[in-house]
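J.: If you want the building blocks of each chain, they are given just below.
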Amino acid sequence: MSSQRPSYRNVFLTFARNSLVRDMMFRGNFLIEAISAPCWTLMNQMFYSLIFFYTPSIGAGTGWMKYEFFIFFATTILVNSLVQAFFMRNFEEFSELIRTGNLDFALLKPIDTQFLISLHRITWSSFANTIFGLGLLGYSIWQLSATNSEWAVSLGGVLLYVAYVLFGVGILYSLMLTLSSTSIWLGRNQTLYNFWFYITNFSRYPMEIYGGSAAGSALRFVFSFGIPILLAVNVPARLMAQPLKEDNWMYALVALAATVMSLLASRWVFKKALLSYRSASS
Amino acid sequence: MGTTMSIIELSNLTKTYRIYQKKEGLLASVRGLFSREYREVKAVQGIDLKVDEGEFVAFLGPNGAGKTTTLKLLSGVINPTSGSATVMGHVPWRRENEYRRKFALVMGQKNQLWWDLPAQESFRLHQQIYRIDEKEFDRTHDELIDLLKVKHLLGQPVRELSLGERMKMELIAALLHSPQVLFLDEPTIGLDVIAQHNVQEFLKHYQELRKITILLTSHYMKDVAALCQRIVIIAQGQIMYDGSLSGIVDRFSSHKIVSLLFSGDRLPDDLDRHGEVIEREAPRAKIRIPRREVAEVMARILQKHTIEDVTIEDLPLEEVIAEMFSLVQSENGSPVETAAAETT
Amino acid sequence: MMAKVQTWWFILKICFSERLVYRGDFALGTLMRFLPIVTQIFLWGAIFATLSEATGTDTIRNFTYHDMIAYYLFVFLGRAFSSMPGLASGIAREIREGTIKKFLIQPIDMLGFLLLNRLAHKLVYYGVAALPFAFMFWLCRDYFPPVPEITTILAFVASLIMSFLLGFFLEAALGMVGFWFLEVSSLFFVYMLFNFFCSGHMFPLDFLPSPWVEIVRAMPLQFLAYYPAAIWLGKVQGAELVQGLLVQLAWVLFFIMLCRVMWSRGVKRYSGFGG
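Protein chains in written order, with this note's numbering: chain A, 1 to 282; chain B, 1 to 344; chain C, 1 to 275.
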């Protein structure tokens, strides 16, 4: 008789393996996805290079010069590609399932339901972008240490960076979980992906660009402390590219708190959504 | 024998749905958060039931009767509006992992296996999720594969299997963790006759072997007749009958079928006087007569004509049940689909 | 002829009523599409903030900050005219699945039908979206240069109309590649990439350094988004403007002819398969 809780690690590994087997069955699709994502990223990269052709930094006194900004962009790629790889597809499916009442099978399994619906599919092709991001990160670090004598990267810095990238993923994950859970009440909102794109669009640039005007400051405040998506990329990017910035420690603490609270809040919303769940009639 | 505690107990279990007028579009939905029109549907109305360990019970009833809803309540998939239920001592809708490890639900025509992968991969995932010991898994796995004769299909993607083969895989997946209670919702729906037979045989055999408790809902009389001694008829969210198969006829059959063999070559012209003639092929005729009139009608016929042979039979079970549903309908006034169309 | 007009009107009405059901949803969705522009406004604001200090000028290739914002809004408008979502893939799919046969059997010209379909859809769509659009433009009115002369405005409108036609026939031609090759999704993907980069969608094409800018200007893609915006903002004028419009017209005619040829050749090839 089976009477122990499942090994979440083993279950996750099985998910990963099954997803890989499945993706390999559709090799054509996999290749197209694995190539197209980095291509888009490359295009954006060229756009940013073009900008720096004309100006040495983005924003006055913000410290986002060329390679610092490239580190920022690399961080965006890393956070987003990880979210894409692990969660995007799962939540698109989940928001449909919970809305149409086809979640029954997930509710029958003796395993935490949130874990199950968040991780059962992994989109391996998205890791292509992760590789691109790592490459860009490495290149930028190399260039930055060559050109800027004041800047250096340490092991502690790298560990901190990795941790905050993961926190950033956690924040975006919570947002995604909340959005897809609400589809049970709000019905068919515009496909999750569109909504997601519009909201996270704000997180793709350094928060300093929102300074200067009342509207900008309001935006910056809302997206730092309300829906803290700005913290997802900005904090790790700063820690790596501008480690000596004064208020880094404050943002680091806030980001940590934001991650924890987001995860708790989103789990709460998720459980609420399950309570309203209605199974579809056969 | 032993304790009188039933393994499944339902007490006044009720589930009422509010059907909201759903409007499409984001703004309409947001507006809908504040004020909505709705109507109430009483899917399950105060059901009381006790099932002992090792029983094989069938739920019979028309669409919308509440059979599937009851199963879903017992699986913890949905919460009741009121009332209580325990299965193996657990309250199902608490969705405790400990409970979920001990039962299984199989829904006909609904697939929980990974669509693009061979069934074998889904089985392995099951093993991980249910934390089934390696040796035990192998043993159970092989046993089920043998019983259902699907060894040659294990490597094929599930989407390539026929409906019957897929159902077999679903059953295996459900039984891999050796549940003590099995819920089956229309397991043979959509299957061809042979596949239906296979599934029935398997269930019968497995139940006798393992002595697990099974609750099965079905439209098909053959499922029910082949497998269960105890039938629970549910209509409009309430239990209409709970007992044996033969008891149904005794209780609900309103008519009898009288088969007559007339002497001579011709049938009398006024046969319709006695009842509804359902078959006439001289010199035989079959007449459907209300139960209480049988004696009187028989006396009349025997008086007027020479009869060489008489047989008095009950209505077929399907018709009895169909009639019973219509009875429910006329009593309650609101439409309930009769089971006549579904029972085959 | 009358029957045709009636059919067209009928289709238009159906599309319209279908759209209206979703109008609240729709207005919200349209406004949301402007959100990325908000980010762009802030981004370029930050870029231009340091510009004069660092480089001594406050323009990039004659674009001021306000020009940039106005540019993005006009590009948005241009894309509203020229983007044809699903056109190429739809045609390719119909070829692949055989449903294109209905155009061969019935006396309906596929290209004409699709063109009309798109026209109807866009009229309806932007008819309803006109309000949010106008609202956005009004919000950003400070960023716009003074309203240009009537001739410029006419040139702008002409360019927009041509960008619609160009976008349509270009993507239709792409879709019809499906007559010869089964797997065209990679082709579409490459086209989308180029479109995004070279149509002026991301940034004014003036920003590109040589030799890139010459290469991009040789392509028709600039007319899908960049050119109308450039006209209104006065980046092309006089003889150059006329020349540009003629080039745009030439591209439109070229793709119309290409489509005709591809259609007749493709249909011949297709029927040869006895499908």
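Because the hints were derived from the structure by calculation, they are not lab data.
Careful, some of the hints might be misleading.
[What the hints assert, rightly or not] Pairs of lysine-lysine, PhoX-like flavour, derived with a Cα cap of 25 Å:
no.	chain 1	residue 1	chain 2	residue 2
1	A	K272	B	K42
2	B	K222	A	K271
3	B	K110	B	K286
4	B	K50	B	K135
[Unchecked claim] Listing some non-contacts, in silico: residues in chain A with all C-beta distances to chain C over 12 Å:
no.	residue
5	R9
6	L31
7	I199
8	S203
9	R204
10	S213
11	L253
12	L264
Model, not experiment: these values are computed from the prediction.
Heads up, the beta-carbon is just placed ideally off N, CA and C, and yes, glycines get one too.
J.: For each hint, tell me whether it holds in the structure or not.
T.: Each hint tested on the structure:
no.	hint	verdict
1	K272(A) <-> K42(B)	holds, 23 Å
2	K222(B) <-> K271(A)	violated, 41 Å
3	K110(B) <-> K286(B)	violated, 43 Å
4	K50(B) <-> K135(B)	violated, 35 Å
5	R9	holds, 37 Å
6	L31	violated, 9 Å
7	I199	violated, 8 Å
8	S203	violated, 10 Å
9	R204	violated, 7 Å
10	S213	violated, 8 Å
11	L253	holds, 26 Å
12	L264	holds, 28 Å
Comparing the model with each numbered hint stated earlier shows that hints 2, 3, 4, 6, 7, 8, 9, 10 do not hold.
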